[in-house]
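Residue numbers (our numbering), protein chains in the order written: chain Z, 1 to 83; chain L, 1 to 237.
Hints listed in this document are in silico derivations from the structure and should not be mistaken for laboratory results. Any given hint could be a false lead.
[Stated by the list, open to error] Straight-line Cα separation of at most 30 angstroms, BS3-like style, residue types lysine-lysine; simulated pairs:
| id | chain 1 | residue 1 | chain 2 | residue 2 |
| --- | --- | --- | --- | --- |
| 1 | L | K200 | Z | K39 |
| 2 | L | K47 | L | K200 |
| 3 | L | K47 | Z | K39 |
| 4 | L | K200 | Z | K46 |
| 5 | Z | K46 | L | K47 |
[As the list claims (entries may be wrong)] Covered by chain L, according to a simulated footprint, are these stretches of chain Z (three or more residues, beta-carbon under 8 angstroms):
| id | segment |
| --- | --- |
| 6 | 5–16 |
| 7 | 28–41 |
| 8 | 65–75 |
The beta carbon of each residue, even a glycine, is placed where N, CA and C say it ideally should be.
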Amino acid sequence: MEAITGQELIRAVALLGAGIAMGLGAIGPGIGEGFVAGKACEALGKRPDQSQLITRTMIIGQAISETTGIYSLIVALILIFVV
Amino acid sequence: METITLFSILAAGIAIGLGAIGSAIGEGFIAMKAVEALGRQPNASGKLIRVMIVGQAVTEAAAIFALVVSLILVFYTPEAGESIYKGYYLLSAGLAIGLGTIGAGLGGGLPGGSCMEGIGRQPENSDILTIQMIVGQAVTQTSSIFALTVSLILLSIDPSNDIVKVFAVVGGGLAMGLGAIGPGIGDGLVAKNANLAVGKNPRQMGLLTRTMVIGQAITETTDIYSLVVSLILIFVV
Chain Z
1 MEAITGQELI RAVALLGAGI AMGLGAIGPG IGEGFVAGKA CEALGKRPDQ
51 SQLITRTMII GQAISETTGI YSLIVALILI FVV
Chain L
1 METITLFSIL AAGIAIGLGA IGSAIGEGFI AMKAVEALGR QPNASGKLIR
51 VMIVGQAVTE AAAIFALVVS LILVFYTPEA GESIYKGYYL LSAGLAIGLG
101 TIGAGLGGGL PGGSCMEGIG RQPENSDILT IQMIVGQAVT QTSSIFALTV
151 SLILLSIDPS NDIVKVFAVV GGGLAMGLGA IGPGIGDGLV AKNANLAVGK
201 NPRQMGLLTR TMVIGQAITE TTDIYSLVVS LILIFVV
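The following block holds chain Z by itself, in its conformation from the complex (with noise of 0.2 angstroms):
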């Protein structure tokens, strides 16, 4: 294998560090919105006539809690195709 060196080295690992930006990001918001959505599901379970507004508030909820992931995407793409 060849030496790396200069700015193929700081590509390199930018290209690794986005793998591992978007992976260990995406762990955070997966569980987090998985247990708001079980939740509501579970509040659905005793108040079925309250179904719009909970389902509304899950889907709200799940969008906070993805801003993360998105934030992770977002740094993923940077170091893919700015730096």
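With chain Z fixed as given, assemble chain L onto it according to the hints.
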């Protein structure tokens, strides 16, 4: 050539070693809840054991994906004159499937456990609880199927001669593998609570299944981001 074999056996170990964690814990969770339910309802033992085995079989799927990739890696024979960079592709394939099946295995166990709890409380609901459990577990497996897809792509494509590309490919494997952990567990949490709710209120199954699938689809989004980033790193960069 020896270097590639070295990488392939290392990757085989990583694939099945990490890939066995999730399914084993998930299946243990189902069996634990089944034993607990048997203590409460010994008369329903036939139903409980049957549904337990179905749930464990679906949970096992994630570990079987890891096993398949691991066996392909163990028996990988490099072609003469193949670039040693192929070794990094194989390592990346092992990381993707090994890490990627942890979440689906753990997630598959959660609805199985709550299904056992529900049957233990009311054995007459076992049919609808089983259907609900299998739908929930099937959606949970998507994260491991994404990991399997990326892993098989990495096993089959020809390596590039550019060292920068090699870093990108290892990054792609890590993105998909790590990224599948969270959504796998999250999908399982959704299905777990949906199953518990169906056990308490079986008449609302339609509403609960619909909400469960919507919730799981939203949970799955970060998994799709990981897949997209992984495919960009493998094919575009």
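If you check each hint against the structure, which ones fail? none
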